[in-house]
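2 protein chains.
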Amino acid sequence: MNSETNLARFKTILNEYTDLKNASALLRWDQETYMPPGGASERGYQLATMSRIAHLKFTSPEVGQLLEDLRPLSNELDPDSDDARLIKVTERLYKKKSKVPASLIADIAKATSDAHLVWEKAREESNFNGFIPHLEKIIELRRQYAHCFKPYDHVYDPLLDDYEPSLKTLDVQTIFNSLKPQQVELIRAISRRDQIDDSFLHLNYDQKGQWDFGVEVITRFGFDWHRGRQDESIHPFTQSHGVGDVRITTRFLQDYFPSAFFSTAHESGHGLYAQGIDRKLSRTPLDNGASLSIHESQSRLYENVVGRSLEFWTHFYPRLLEYFPSQLGNVPLETFYRAINKVEPSTIRVEADEATYNLHIMLRLELEIALIEGQLQVKDLPAAWNSAMQDYLGITPANDAQGVLQDIHWSSGYIGYFPTYALGNLVAAQLWEKLIADNPKIQDQIQRGEFESLTTWMKDNIHHHGAKFEPQELVQRITGSKIDPDPYMRYLTNKYTDIYEL
Amino acid sequence: MNSETNLARFKTILNEYTDLKNASALLRWDQETYMPPGGASERGYQLATMSRIAHLKFTSPEVGQLLEDLRPLSNELDPDSDDARLIKVTERLYKKKSKVPASLIADIAKATSDAHLVWEKAREESNFNGFIPHLEKIIELRRQYAHCFKPYDHVYDPLLDDYEPSLKTLDVQTIFNSLKPQQVELIRAISRRDQIDDSFLHLNYDQKGQWDFGVEVITRFGFDWHRGRQDESIHPFTQSHGVGDVRITTRFLQDYFPSAFFSTAHESGHGLYAQGIDRKLSRTPLDNGASLSIHESQSRLYENVVGRSLEFWTHFYPRLLEYFPSQLGNVPLETFYRAINKVEPSTIRVEADEATYNLHIMLRLELEIALIEGQLQVKDLPAAWNSAMQDYLGITPANDAQGVLQDIHWSSGYIGYFPTYALGNLVAAQLWEKLIADNPKIQDQIQRGEFESLTTWMKDNIHHHGAKFEPQELVQRITGSKIDPDPYMRYLTNKYTDIYEL
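Keeping their order, the protein sequence lines are chains R and V.
Okay, so the first sequence: first residue is 1 according to this note's numbering, each after it adds one.
Okay, so the second sequence: first residue is 1 according to this note's numbering, each after it adds one.
The reader is advised that the hints may include incorrect statements.
When chains are identical, the list treats them as one kind, so a pair holds in a single copy or across two.
[Unchecked claim] Computed list of lysine-lysine pairs in DSSO-like fashion (alpha-carbon distance at most 27 Å, straight line):
| hint | residue 1 | residue 2 |
| --- | --- | --- |
| 1 | K150 | K180 |
| 2 | K168 | K280 |
| 3 | K97 | K57 |
| 4 | K11 | K137 |
| 5 | K441 | K459 |
The set of hints was computed from the structure by calculation and includes no laboratory data.
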């Protein structure tokens with residue numbers, strides 16, 4: 001066959017593979033939103049079967065042969081072209097996935113689907129014990145998964161690499177080691193200042209007002225409702241089923257305004273990314289983010305860098321007052337702005353402020369590595385969690401629901417995922433510095449409620465490319481350097497020097 | 001391999017096949033309920049890919065070989081046992097499906113998924129023209145599908161057989177030919193009586209009250225919310241994703257009470273069937289109804305035979321009055337009962353009364369056969385529809401939305417499906433006669449709002465067996481005769497003789 005035919009056949013297989021992945025994504029979305037509880041067991045089988053079939057399709061000898069046959073073509077193509085990148089990314093994934101037996105993939109899908117409802121219940125009842133055998137099974141399966149990639153520098157490397165192509169455990173540890181003392185120092189400096197009063201955020205905010213205001217804001221960000229929707233779920237998330245169907249979720253706390261709003265803003269960043277991917281990449285593995293940290297850079301940028309900025313609220317606070325006049329009528333903009341940026345060590349990661357957030361991640365990284373290495377047993381995890389919380393943040397969760405059970409990730413088998421949140425913060429700050437350099441008027445625009453050039457810049461520089469570039473390569477291309485903690489520390493220091501008059 | 005191993009392998013393949021079918025069902029459910037419009041095109045590809053893979057899995061040479069190898073075992077087993085029936089039903093499906101190329105299956109899935117939104121829009125705008133090329137394509141693909149089964153007595157046979165295993169076009173025509181003059185005669189007799197006033201059904205009934213009352217009733221029928229849910233969609237339907245996850249939908253007319261309530265009651269009959277299938281049949285092709293007419297017998301029984309009976313409302317009318325005191329406070333039970341059973345030729349099938357309903361079906365059967373035979377062109381369909389409406393019911397739809405565009409079926413590629421609705425009415429009446437013979441107190445129980453023995457009888461006689469028996473065999477086993485129009489005519493005649501004092 002000639003290379004045209006090979007390429008067409010190659011794409012057909014990848015199209016089908018992507019269709020299956022997108023269909024599985026819908027099954028997972030449904031599991032978190034509308035599935036009746038009685039459907040859990042069969043849903044697990046459905047997801048396992050679809051994972052197995054998708055895996056077998058992607059790792060079939062035919063794909064291996066096509067990759068071989070396409071090498072000459074690949075060498076002729078512009079290395080940045082869609083086709084060259086599709087071949088390159090597929091080759092990387094093929095080499096990785098081929099090392100994993102389909103049965104292990106299906107076992108992981110079934111185990112995590114089963115674990116999901118157990119985790120939900122355990123969290124509801126704040127009872128870790130029922131969850132132990134499920135988490136043990138998941139850790140064991142994830143360890144088996146990592147073992148497929150021997151030799152490695154670190155057993156955690158193959159897990160991290162699933163979310164951050166080519167990044168190593170050591171890279172992350174190096175970044176975190178540089179970051180930790182600086183963040184701890186900043187938090188200490190803040191803790192010496194007067195506490196900020198945010199009691200007015202804890203009044204009763206009716207759910208419909210919260211929902212409507214969030215929708216109004218992210219519509220202005222550019223979220224396209226023709227190609228997306230928002231629902232409720234216990235743990236907010238974004239799921240793409242292709243560029244035409246990108247769904248976000250949020251959750252409401254009636255007595256704490258920031259929870260739903262910043263969730264919605266956060267997920268809208270993910271959503272804009274998924275909606276912004278070039279349609280030409282549809283139904284291929286390139287219709288995806290570059291990595292989770294790049295994805296998170298978008299969500300954290302819209303949530304924090306933009307959504308917790310004084311410029312943003314200068315425009316939107318008057319509008320928020322129309323929704324909640326009795327709760328906020330007597331609260332000046334500056335007071336509101338300080339309150340939503342209050343720094344205070346707390347137990348829940350997703351509610352953490354920007355200064356303490358990364359410490360929640362470092363704690364999880366430490367525990368995950370110990371679990372996968374076998375240094376820590378699942379049954380000892382709650383004690384280890386609470387002790388690490390004391391160590392990193394100087395507090396202890398009231399119970400396991402507020403502690404070790406708070407996140408969905410482990411029940412979903414996502415080991416290696418957490419570090420990408422902290423990296424996302426760093427990348428967001430790097431992009432923000434570059435964006436301001438490119439367009440010094442961006443903050444004035446935000447102050448006027450104009451987000452078009454912001455979202456267009458993100459779309460052109462990031463969204464559009466999908467998964468064509470690996471994360472370090474993409475950040476390098478845009479900013480001129482790899483993932484770097486310094487812009488984030490500059491961003492934090494500037495912001496909190498202002499707010500806390502450090 | 002021994003037959004144990006063969007059977008286990010056989011079941012594994014069927015489990016995976018069923019997982020894919022259940023997953024596809026979820027994609028279709030989502031398409032009708034929550035999918036943003038931008039997702040339509042990719043959803044089409046996803047459904048096409050999944051259909052193709054499921055089809056290839058089911059028709060693989062391995063399944064053919066296993067069926068051969070299992071023949072000796074099958075001959076030893078009790079012919080009514082689950083395993084014997086699983087082999088028998090699979091063999092039938094295998095023989096049928098093997099004749100169809102996977103590409104045609106995928107083409108049908110894609111064409112119908114694409115046609116779906118077009119139909120929705122065409123119906124909304126009452127504009128048939130935009131829908132023409134899509135329906136032409138579907139008719140052509142369905143004709144190609146039928147041609148895979150040459151030789152046949154009638155080109156419509158293979159289509160009908162998909163929904164009613166082993167039933168022939170001639171069987172249906174024979175039944176309809178016996179029924180039509182009797183129903184027409186009954187309608188004529190009714191038309192000579194005074195019109196019933198049902199204006200109070202057309203007042204403003206708030207949606208929440210409608211929803212809550214419907215939920216209350218079907219909960220009493222036995223619908224299990226732990227294993228099911230209800231949502232809204234344009235065209236009400238029931239979708240099972242396994243016995244633990246059975247979903248129904250309804251739709252609301254603010255100014256016509258019966259619409260949502262009888263939809264909900266109708267779909268709950270389907271839902272009870274799907275929830276009542278023996279768990280041992282899960283993840284196999286037997287986790288399904290015996291046929292669509294048997295399914296419809298359940299929905300029509302709960303909707304009409306029970307839900308429009310005087311006994312039912314004797315119990316529930318006082319409760320309905322609590323929901324809608326201002327609308328119904330001055331309406332006596334008898335008046336309400338007559339109103340919800342008012343006979344009047346009308347254009348919309350799903351709103352049709354029991355006396356005229358089957359005529360809507362006969363009309364569709366006639367047109368479908370003409371389309372598939374090529375005697376009728378799609379572009380001429382609206383005119384043919386309107387002329388047939390005059391012929392059968394003496395009325396003409398105000399527009400195509402009220403006429404040829406009213407049903408979702410053709411846009412979904414469901415040709416051969418409509419007759420099952422009328423057959424379902426007949427089977428419902430047959431089952432009802434037998435149930436009363438078995439349990440003469442059933443009507444007293446219904447009058448007391450007790451549905452347990454009703455639903456248990458249906459479960460034991462029908463639901464439990466899933467797809468183990470073909471429809472004619474099942475009806476014969478339960479009632480002692482095949483599908484028969486006489487009990488339905490007796491039921492109609494008794495009912496309307498009372499109501500209209502014929």
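Evaluation of the provided hints:
{"no.": "1", "hint": "K150 x K180", "verdict": "neither (30 Å within a copy, 74 Å between copies)"}
{"no.": "2", "hint": "K168 x K280", "verdict": "neither (31 Å within a copy, 47 Å between copies)"}
{"no.": "3", "hint": "K97 x K57", "verdict": "both (11 Å within a copy, 22 Å between copies)"}
{"no.": "4", "hint": "K11 x K137", "verdict": "between (36 Å within a copy, 26 Å between copies)"}
{"no.": "5", "hint": "K441 x K459", "verdict": "within (18 Å within a copy, 69 Å between copies)"}
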